[in-house]
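Q: Take the given structure of chain L and dock chain U with the ligand to it, following the hints.
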Amino acid sequence: MDRGRAAMSAPTSLPVAGSRTPGPREPFPDAARRALADEQLRHNIGHATKTIREKRARVVGELPDWEALCEAGRAIKERVLRHLDDYLVELETSVQRAGGHVHWARDADEANRVVGDLVAAHGAEEVVKVKSITTEETQLNEALAERGIHCWETDLAQLIIQLGEDSPSHILVPAIHRNRAEIRELFMRTLDEAPDDLSDDPRALAEVARRHLRRKFLAAKVGISGANFAVAETGTVSVVESEGNGRMCTSLPEVLISVMGIEKLIPRWQDFEVYLQTLPRSSTAERMNPYTSLWTGVAPEDGPREFHLVLVDNGRTNVLADVVGRQALNCIRCSACLNVCPVYERTGGHAYGSVYPGPIGAILTPMLEGIDRAGSLPYASSLCGACYAVCPVKIDIPRVLVHLRHLEVEHTAREGGLRARLGPERVAMRVMAGVFGSRRRYEAAQRAARLGQWPLAHGGRIQRLPGMLAGWTTMRDLRPVPAESFREWWRRRSEPGEVG
Amino acid sequence: MSDARAEILRRVRAALVDVPAGEDPEDVAVARGYRTRDAEASREEIVDRFCAMVEDYNAQVHRVAAPDLADTIGRLCREGRLRQLVVPPALPEQWRPDGIELVEDHDLEVSRLDGMDGVLSGCASAIAQTGTIVLDGGARSGRRAITLVPDHHLCVVEAEQVLALVPEAIARVAGAVRERRAPITLVSGPSATSDIELDRVEGVHGPRVLDVVLVE
Ligand code: SF4
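Protein sequences, first through last, are from chains L and U.
Okay, so the first sequence: first residue is 0 according to numbering that gives the first Met the number 0, each after it adds one.
Okay, so the second sequence: first residue is 0 according to numbering that gives the first Met the number 0, each after it adds one.
Keep in mind the hints are simulated off the structure, nothing from the lab.
Please read these numbers as outputs of a predicted model, since none were measured by experiment.
It is possible that part of the hints are untrue.
Between beta-carbon pairs, the in silico distance windows are [as the list claims (entries may be wrong)]:
{"no.": "1", "chain 1": "L", "residue 1": "D200", "chain 2": "U", "residue 2": "R80", "range": "14 to 24 Å"}
{"no.": "2", "chain 1": "U", "residue 1": "Q93", "chain 2": "L", "residue 2": "H121", "range": "36 to 46 Å"}
{"no.": "3", "chain 1": "L", "residue 1": "T189", "chain 2": "U", "residue 2": "V16", "range": "45 to 55 Å"}
Here are a few chain U residues that sit away from chain L, every Cβ distance over 12 Å (derived from the structure) [claimed, not checked]:
{"no.": "4", "residue": "E43"}
{"no.": "5", "residue": "V60"}
{"no.": "6", "residue": "A64"}
{"no.": "7", "residue": "G141"}
{"no.": "8", "residue": "D150"}
{"no.": "9", "residue": "R180"}
Listed next, the stretches of chain L that the computed footprint assigns to chain U, with coverage defined by at least 3 CB atoms under 8 Å from CB atoms of chain U [said to hold, decoys possible]:
{"no.": "10", "segment": "143 to 151"}
{"no.": "11", "segment": "213 to 227"}
{"no.": "12", "segment": "234 to 245"}
{"no.": "13", "segment": "302 to 313"}
Where is the CB? At the ideal position from N, CA and C, for every residue including glycine.
Excised from the complex, chain L in its bound form (with noise of 0.2 Å):
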């Protein structure tokens, strides 16, 4: 699986201590640019995104609340990084009381090193996964196949890019890239299970992959997640998701190995009533999404036999160590701030060049991989303010951005480059008008992206997108896909002569 890192370039340096250096980039296949001319597309996309924005403000306006429990949110998070030493031993003791084992990884290498032996060591070829953006992020499936072991995607959509492998497009996500004949002409090809006469309803062809599936769940015996949350007193770990395939990878299997960043963390079991409010709300508009699983250790006689939990730091203590930054570490991963970003909308996705894409991605990713890596995301954006104000743990996004500006800026003129005479405002200027292709759109869409902060859905029901859950990935993929990515169009637009 290789969608969302394809637009990055490959890195000439590693500057920060323990994040894994990210395999070679590709730069964008023809498939990409197929897609992007395919006006039919983007406007079913964009009427997607502006469904889900408009009955995310709707659910939110349900609760006369929401307000004290974003400050909660943001408050419970806050008290977490101050004491994250004490919380992370206190989450070690209690999933060790609970009957589990805690790992610890520094970076990527190690965490896919501690889950590749403990799968190893269960003689497992084949796990079962549920889509978890801390294992995209340290390519894990990637390291397991160098094992020789296969890691089974269970979302739909990942299925369904996993199948169509060997195909220049899956770098984007089939549910909106390929159309419901081509994933039945894929299924048919790849799948025991797709009879003769199957259809090219969506409906039929989720039977497939349920019937697919379901003898992997049946069979597997290590299955592997990510972690929503984490609770220090308690050690209780939870998943939120839709299909079920969550359900099924955290209490079929004997063994369940949990991998999740060491910020997922909350103090107490409590704080939960605060979380599963925000997150399903804020995330696929929904007062509640079908499934949460939260186990503690291992149950008596329900579930996994065993479990691990691994503790992955990855440049996340880069960011703790930021003060101004810290705050990006409260993120829940929810993706409002993708969906009423202005500069997000035009560029895609994928522009971002990291799983983390859209505002969060904007100042997550350079405090993760380093100012000289990614020193342009925080130029991708108009400080227009939406992010801010739709996150439910406050995150103030612009105000982080324009602090990375200035570390960018230090950086760069320690290099001696032109931009360090310009100065942030104005490269900033450059790379909107970039974007947005004249000062007028660019204005237009940040009136439009105030505006949208409070959008109204009136009358009519809108259907729910479940799936999108799933998908804080998805969401991002939903997005149109730039013909070149914003940091590669940084890098032209920064060269000498055009900027000056």
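A: Same frame as chain L, but now just chain U with the ligand:
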């Protein structure tokens, strides 16, 4: 591995040099200004709201009086052509319909569960605000696998189990989590996906049909 632990904790502490040494976690104020109970709504309103929210997820709600419970379940089974249901061993006698084969779950193999027409369970509590059923692996909920693998879930909710808000439900199961490491599953409607052309499809891996039988 212990090297990694020591190193990560060292990095965390180094990153937090700005935090005063004497600061306790509780010194970071957390204002919980949100609602933890719904003081205004009557019982009836809360139960009505629960039913409306469940239906909003395209699940069916059947409201019955206690004496009619088993008959209603029997009728739903016949309508859904469910001949064989798995049940938690402690399922109350008065819930059990006539003429339907009920297989008690004594650690049944998943392959056996996969062959069942459906599952009949109760729950630990329910949430009106979100139309959610809370399963806790206890006597009425059963093991996680039984409400996951079969394709049709019949879930009995007693009116008094319905709580108004999410925080009440989180508080209600806290004891079971702390005392017996109860695995908690929150179920809000049938499983669903929109991954193919954004067309919503009910039911991918979890049960495709959810019938909630509300007993008053
Ligand atoms: S930063 Fe974005 S994705 Fe993260 S919690 Fe805030 S709005 Fe959601």
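Q: Does each hint hold? Answer for all of them.
A: Here is how each hint holds up against the structure:
| no. | hint | verdict |
| --- | --- | --- |
| 1 | D200(L) with R80(U): 14 to 24 Å | 22 Å, holds |
| 2 | Q93(U) with H121(L): 36 to 46 Å | 44 Å, holds |
| 3 | T189(L) with V16(U): 45 to 55 Å | 54 Å, holds |
| 4 | E43 | 20 Å, holds |
| 5 | V60 | 15 Å, holds |
| 6 | A64 | 28 Å, holds |
| 7 | G141 | 9 Å, violated |
| 8 | D150 | 9 Å, violated |
| 9 | R180 | 4 Å, violated |
| 10 | 143 to 151 | violated (count 0) |
| 11 | 213 to 227 | holds (count 3) |
| 12 | 234 to 245 | holds (count 5) |
| 13 | 302 to 313 | holds (count 3) |
Of the numbered hints stated above, those contradicted by the structure are hints 7, 8, 9, 10, listed in ascending order.
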